[in-house]
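Sequential numbering from 107 applies to the sequence shown in the numbering used here.
Wrong hints could be hidden among the right ones.
[Claimed, not checked] Restricting the straight-line Cα-Cα distance to at most 20 Å, the calculated cross-link-like pairs of lysine to aspartate or glutamate (DMTMM-like) are:
{"#": "1", "residue 1": "Lys348", "residue 2": "Asp298"}
{"#": "2", "residue 1": "Lys544", "residue 2": "Asp595"}
{"#": "3", "residue 1": "Lys699", "residue 2": "Glu427"}
{"#": "4", "residue 1": "Lys699", "residue 2": "Asp731"}
{"#": "5", "residue 1": "Lys353", "residue 2": "Glu297"}
{"#": "6", "residue 1": "Lys699", "residue 2": "Glu425"}
{"#": "7", "residue 1": "Lys478", "residue 2": "Glu427"}
{"#": "8", "residue 1": "Lys478", "residue 2": "Glu695"}
{"#": "9", "residue 1": "Lys699", "residue 2": "Glu477"}
{"#": "10", "residue 1": "Lys348", "residue 2": "Asp606"}
{"#": "11", "residue 1": "Lys348", "residue 2": "Glu297"}
{"#": "12", "residue 1": "Lys478", "residue 2": "Asp1130"}
{"#": "13", "residue 1": "Lys544", "residue 2": "Asp490"}
{"#": "14", "residue 1": "Lys699", "residue 2": "Glu1129"}
{"#": "15", "residue 1": "Lys348", "residue 2": "Glu134"}
{"#": "16", "residue 1": "Lys353", "residue 2": "Asp342"}
[Unchecked claim] For each label pair, taking beta carbons as the anchor points, the in silico distance ranges come out as:
{"#": "17", "residue 1": "Pro585", "residue 2": "Pro878", "range": "38 to 46 Å"}
{"#": "18", "residue 1": "Ser977", "residue 2": "Ala1029", "range": "30 to 38 Å"}
{"#": "19", "residue 1": "Ala1029", "residue 2": "Pro585", "range": "43 to 51 Å"}
Please keep in mind that the hints were generated in silico from the structure rather than gathered at the bench. Virtual Cβ for every residue (Gly too), placed ideally from N, Cα, C.
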Amino acid sequence: MTTPDRTPTTWHLTSEQRRVVLGRHLAELRAWADRAHTELEAWTFTFPGDAPVPVRLGQPWPRVDGAVAGGPVRFESTFTVPAGFERAELELDVGGEGLVRLSCGGAGGLNPHHRRFPVTARPGEQVTVTIDAVPKGLFGAHNPEPTLRVARLAQPEPDVTALATDLSVLLDVVQGLGGEVVAAHLLSAAEDALAGLTWPSDPAAYAGRPGAGVGADMGRLWSTPPVGEALPLSRDVLQGVKAAREKLTARLGQLLAAFPPRGALALSGHAHLDLAWLWPFAETRRKGARTFETVLNLMDRYPDMTYNQSSAQLYAWIEEEHPELFARIAERVREGRWEPVGGMWVEPDAAMSGGESLARQLLYGQRYFQEKFGRRSTVAWLPDTFGFTGQLPQLLQQGGVSGFFTTKLSWNETTAFPHDLWWWEGIDGSRVLGHMFKNDIYGAEALGSYNGDISPEHLLRVSGHDRAAATPGWRGRAPETLFTYGLGDGAGGPSAPMLDRYERLREYPGMPRLRHARVDEFYAALPSEGLPVWVGELYFQLHRGTLSSQGRTKRLHRQLEARLVEADVALALARWNGREDAGAQAGLERHWKTHLLHEFHDVLPGSSIREVYAEAEPTLMAALDGVTAARDQALQGEGEGVTVVNASLFPRPLQVIVPGAGFWEVDGAALPAQTVEGGTLLVSSTVSVPPLGSVTLTPGGASGSGTASATLTETPEGTWLGNALLRVLLTPDGHLARLVTAAGRDALGPQGHRLVAFRDLPRAWEAWDVNPDTQDAHLGTVLPGAQVNVLERGPLRVAVRVTRTWRSSTITQTISVTAGSPRVDIHTHADWQERRTLLKAFVNVNARSDFATLETAFGAVRRPTHRNQLSDAATFEGGAHRFADLSEPGFGLALLNNGRYGHAAYGSELSLTLLRGPIYPDAHADLGEHEFTYSLLPHGGDWTQDVVREAADLNSPLVVGAGSGGTPLPIRLGGLPVALGTLKPAEDGDGVILRFYEPHGARGEVQLFTPEGVTVARVNLLEDDQGGVGTLTTADGGLRWTIPMRPFEVSSLRVVRAEARSSH
107 MTTPDRTPTT WHLTSEQRRV VLGRHLAELR AWADRAHTEL EAWTFTFPGD APVPVRLGQP
167 WPRVDGAVAG GPVRFESTFT VPAGFERAEL ELDVGGEGLV RLSCGGAGGL NPHHRRFPVT
227 ARPGEQVTVT IDAVPKGLFG AHNPEPTLRV ARLAQPEPDV TALATDLSVL LDVVQGLGGE
287 VVAAHLLSAA EDALAGLTWP SDPAAYAGRP GAGVGADMGR LWSTPPVGEA LPLSRDVLQG
347 VKAAREKLTA RLGQLLAAFP PRGALALSGH AHLDLAWLWP FAETRRKGAR TFETVLNLMD
407 RYPDMTYNQS SAQLYAWIEE EHPELFARIA ERVREGRWEP VGGMWVEPDA AMSGGESLAR
467 QLLYGQRYFQ EKFGRRSTVA WLPDTFGFTG QLPQLLQQGG VSGFFTTKLS WNETTAFPHD
527 LWWWEGIDGS RVLGHMFKND IYGAEALGSY NGDISPEHLL RVSGHDRAAA TPGWRGRAPE
587 TLFTYGLGDG AGGPSAPMLD RYERLREYPG MPRLRHARVD EFYAALPSEG LPVWVGELYF
647 QLHRGTLSSQ GRTKRLHRQL EARLVEADVA LALARWNGRE DAGAQAGLER HWKTHLLHEF
707 HDVLPGSSIR EVYAEAEPTL MAALDGVTAA RDQALQGEGE GVTVVNASLF PRPLQVIVPG
767 AGFWEVDGAA LPAQTVEGGT LLVSSTVSVP PLGSVTLTPG GASGSGTASA TLTETPEGTW
827 LGNALLRVLL TPDGHLARLV TAAGRDALGP QGHRLVAFRD LPRAWEAWDV NPDTQDAHLG
887 TVLPGAQVNV LERGPLRVAV RVTRTWRSST ITQTISVTAG SPRVDIHTHA DWQERRTLLK
947 AFVNVNARSD FATLETAFGA VRRPTHRNQL SDAATFEGGA HRFADLSEPG FGLALLNNGR
1007 YGHAAYGSEL SLTLLRGPIY PDAHADLGEH EFTYSLLPHG GDWTQDVVRE AADLNSPLVV
1067 GAGSGGTPLP IRLGGLPVAL GTLKPAEDGD GVILRFYEPH GARGEVQLFT PEGVTVARVN
1127 LLEDDQGGVG TLTTADGGLR WTIPMRPFEV SSLRVVRAEA RSSH
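Using the sequences and the hints given, assemble the complete structure.
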C-alpha cells in the first residue's frame, strides 16, 4: 500500500485538540455561509373560516378564542427578490411544523431539519409564500407559545458553504474513525488546505457576523455587543476558499488511494411515517403531503437520489387530497427513483393481526400499487413492527413478496438477534430473504435505527455489522448492507445537508463505499445459497405490553375481524345464488380497509395518544355495525323463519340465541329452549349445522325436550355447574376451584382460577412494556372474595355471577356452562379505574409440559414454560390469538378468549392479561368499561382435538339471519381437517375464493367435493391463477379434488359455477 508523501504532523496538540481547532475554523466558515440576507417583516395570519389578520416577524401567533390555534393555520407574505440575490433561499421558523409553497414554484415540509427553501425567482420578481402550519413538533409536542421567529431571504455564498460541508464531513469522519492512522492524515489534509486561506480580520467584518466562532456565547455577556451590517467576503477571500477546496479535494484523492473504502452501503431515502402515534390520523395526512413535497423537491436537485415509501393507505390519502402531488409521485415511480415498498395497506402489527387480516393487507396493498403505479412490491417493509408471526413468510410469498426488511429486532433487550442477512423460514416451510441493519444511535435529533443520517457516525455503525462472524465468508460474497436515511416516525424525510454529505462520502478514505439503490434491486442482487436460516416466529424481546394496552380497541379489532369474514361468507353465498349486490361488496371493502388501517403498528398495539383512540373506538364500532348489517342483509331470506349459518369449516351442533321470545322447530321437530338475556337460547345435540351451510328454523308452539341439559347444584362447599361433559365448582366467595371432566379428571391444580393484580411500572416505554414479574402469580395481589349470585338455572344453560369490588374498580364475571358444550365460559365486565396496574387471569393446570401451544395467524406456535435459557426467559409474555394450551399426553386444558392477546405460560400456569393502566402516552388508557369472554376448555388427547373449533365458536358463533336462506354452497370438504380463512367473492367477479389452512401442524390430503360443471383453480392471496389443484376424480355424481396439504399450509381456491363461467 502506498501512502501520501506528507506524513501527519502533530505540532504540540493531540489529535482531538487539532480536531477542536479545526472546528473553530468551521464555525467561522458557517458564519459567512450567506453573503447577505433581508428580513421578511410583514405577514398575514389566517385561521380557517376567519379573515386574515396582520402579524409581524417576531410576534406570537394571534390567539383564536383566547387560545393558541391547534391548527392548521396559514401564514402568507409577498416579497420582491432584491437585486443581487441570485439563487436565493428562504429561511423560515414559524413555531411549528408546516407545508411551504412558493408562487415561483417549489414546496416542501417545514420542520427543524427542513428550514431552507430554494427560490427560483430572479431579482426584481415578486414571490408569494404561503405556509400551512400547526403549532406542533415532529413528534406531536404542542408549542404553547408559537412565534414567527425567522423569515428571511438569504443570498448563499456557495463556495463557502461547500468548503464548510467539506470540513464538517472530514471532522466527523475523524471522530468516527478514532485512533486509526487515516484519521491523522485527514487532519493534516484539512490543516494544509486551510493554511493558505486569508480570512477577514477587521472589526467591521466580525461585528456583522455575531456567530463567527462564538455562537450563543455572545448572548450571555453582561451586555451584548451591537450587531453591525453583514459585510460580504472579498473576491480575494473567495478565490482563497476555492483554492482551499481544490487542495483538500486533491489530498483526499491521494488518501483514497492509500486508504480505500471498507465495506459498502446501498442507500435509499426514507421517511418512516407513523400513520398515527403521537398525533392523530388527520395530522398524518398533512405530514405525508409535507414530506412528499420535500422529497420531490430534493429529487429535482439531486438526480442520484432514490426514495422508498410504504403503505398504500398513505398514497391513497395523497391521491384523494393532493391529486397534483400524487401525479408527480407517479412520474417519479415510472422513472424508477421513487419506490413504493411493503406491498401492504399499512405497516401493520404482525403479532395480533389475524391471518385473513394479513392476507387482506397484501391483497389491497398490492392491488393498489399495481393499479396506480403498474407494479407490485417484492419486499415487505416493516422496520418498526413489534415482532412477527411465523406464518408471515408463507403469506408474503403468496402475496408476491420475496424479501423482508426490519430493524426492530436490533432492539432486543435480552439476546441479540444473530443475523443481518438470513432466510426466514415460516411454520409451513416457506422462506423469504430477511435483512436488517443495526443503527443503535439515538440523539436529540431523533435520528437512529431506520431513521438514518448520512453521517460518518451512522455509516460506520451500520457498515460494522457482524455478518462475517455469523456467516463466515459472506463479507466477500455479499458486502453491501441496505441503509435508509431520513427523518422519520413523524416524517420529514431526507434533507439537503444529508445529500450534500452523500456526494462527499460516496468514496472517502477509510469509510464504506456508498451508492443510491432501489430496495427491490438490492434484494434481487443478494446471493441466496448458504445463508443462515431462522425458523418460526421472530419474537421481539421488548414492548410486550403492546399485547394488552388499550383493551377496548383490541376487543373491537377481534370482533370486526370475525364479522368481516362472516360478511365475506354471506356475500359469497349471495353471489353463488345469483343475488350479488355490487354496492354491498364495495362497502365491505371499505370496512376491510378501515380495519386494516387500525392494525397499524402503533394503533392496534395501544401505544398512541388519547386522540387516536377517541377516534378509533367509535370508528371501529361504526364499522362493526356496518359489517354486521351487510352480513345480515346478504343472509336475508323470506318468510317467518330464521336461518342459522355456520361460517366455518367445522360441523357445529345447534347452539344459538335467537332474538326475542318464542319457540322454534327444525323440520317440524320442536327445539329445546330457554329464555336468556338477549333472546331465546336453542340447544340441540341432534341438529348439526354443516360447514358453510345452514339450518332453517320455523316458529313453533312449545319447547322441545332433549337429551342435553345443564345443571346447577348448591352445596356447603359451593355451587356446582355442570353438564354431561364437565362440572365446575365455585366456592361461596366466588373462587373457581375445581373443573372435573366426565372421566373424573381434575383439570385444575390446587390454585384453580384466580384474578391477580400487579404494580405495572415498566423501566421505560410505559404503554409498550411490562415487567417480567407479571408471569408469577405469587408476586401479585390475588383479588379477594366476591359476591355470588345465581343467574340461570337451566335447563340449557346455568350461570353464576361473581362481582368483585377492588380499590376503585368493579369486575363482574358471569361463569356459565351450556348443555353439550365442553367449555366453561367466563364473561367479564369490568369498570376499570386503576392506573399503573395490570390485571391477569391465572389458571393452574393439572398437567405438565415444557412447552405451551398458542394460536397465531393461520397456525400455532410453541413457547417454553421454563426459563432455562436467557431466550426462554425473554418470552415471559407472548402474543396469542384465540387460545393458549397446556397439554401432556392424553390430557390438557386450553384457555380461550375473544378479544385479548397477552399470554404467559410458566410451569403449570397459563395466564391471560385482562387489563392495564399505563399513563403514557395516553393518561386515560383503559379507563372505563370493558367487556370480553375467556373460557376454560379441558380436553382429552392434545390441543389438536377440538381446541381450534371451540376457539372459532367462541369468536364467531353461529349466525342468525332473518327468513329462510337461499341455496347453500354445494361444495364440501373431507379428509384432513382444515380451518376457514374466508369464503369471499373473487375480486374480478369470477366466482368465489375459498381460503382454508391446516391449523394443527399435520400433513395429509383434503378432498373437495363439487357438482359437475364447477371449476376449481388454485390462486394466491392476490387471486392470481397458480395452476392445478391436485388430482381430479368423479365421486357420487360429482367431482372430487384431492389436494395435498403440508403442515400449516394456506390454500386458496377459485370456485366458479358453470353459469358464471359462461358469462365471462
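Each hint tested on the structure:
Between the alpha carbons of Lys348 and Asp298 the distance comes to roughly 14 Å, so the proposed pair stays at or under 20 Å and holds. Our distance criterion of 20 Å between C-alpha atoms is met by Lys544 and Asp595, whose separation comes to about 17 Å. Taken as a hint, the Lys699 and Glu427 pair is honoured in the structure, with Cα atoms around 18 Å apart against an allowance of 20 Å. Proximity of Lys699 to Asp731 is assessed by CA-CA distance (about 15 Å); at most 20 Å being required, the pair is judged to hold.
This hinted pair checks out: Lys353 and Glu297 have alpha carbons roughly 11 Å apart, not beyond 20 Å. Restraint check for Lys699 and Glu425: the C-alpha separation of about 16 Å stays at or below 20 Å, so the hint holds. Our distance criterion of 20 Å between C-alpha atoms is met by Lys478 and Glu427, whose separation comes to about 15 Å. Taking the CA atoms of Lys478 and Glu695, the gap is near 18 Å; set against the 20 Å cutoff, the hint holds.
In summary, the hint linking Lys699 to Glu477 is supported, as the alpha carbons are separated by about 16 Å, within the 20 Å threshold. Using a Cα cut-off of 20 Å, the hinted pair Lys348 and Asp606 holds, with the two alpha carbons roughly 17 Å apart. At most 20 Å may separate the alpha-carbon atoms for a hinted pair to count; Lys348 and Glu297 meet this at roughly 15 Å. With a C-alpha separation of about 18 Å, the suggested pair Lys478 and Asp1130 falls inside the 20 Å cut-off, and the hint holds.
For the hint pairing Lys544 with Asp490, the CA-to-CA distance comes to about 13 Å; that is within 20 Å, so the pair holds. With a C-alpha separation of about 18 Å, the suggested pair Lys699 and Glu1129 falls inside the 20 Å cut-off, and the hint holds. For the proposed pair Lys348 and Glu134, the alpha carbon gap of about 16 Å is at most 20 Å, so the pair holds. Between the alpha carbons of Lys353 and Asp342 the distance comes to roughly 16 Å, so the proposed pair stays at or under 20 Å and holds.
Between Pro585 and Pro878 the C-beta distance comes to about 39 Å, which sits within the given range of 38 to 46 Å. Separation of Ser977 from Ala1029 is about 35 Å and conforms to the stated range, judged on CB atoms against 30 to 38 Å. Range check, Ala1029 to Pro585: about 49 Å between beta-carbon atoms, so the 43 to 51 Å window is met.
In summary, this structure violates none of the numbered hints.
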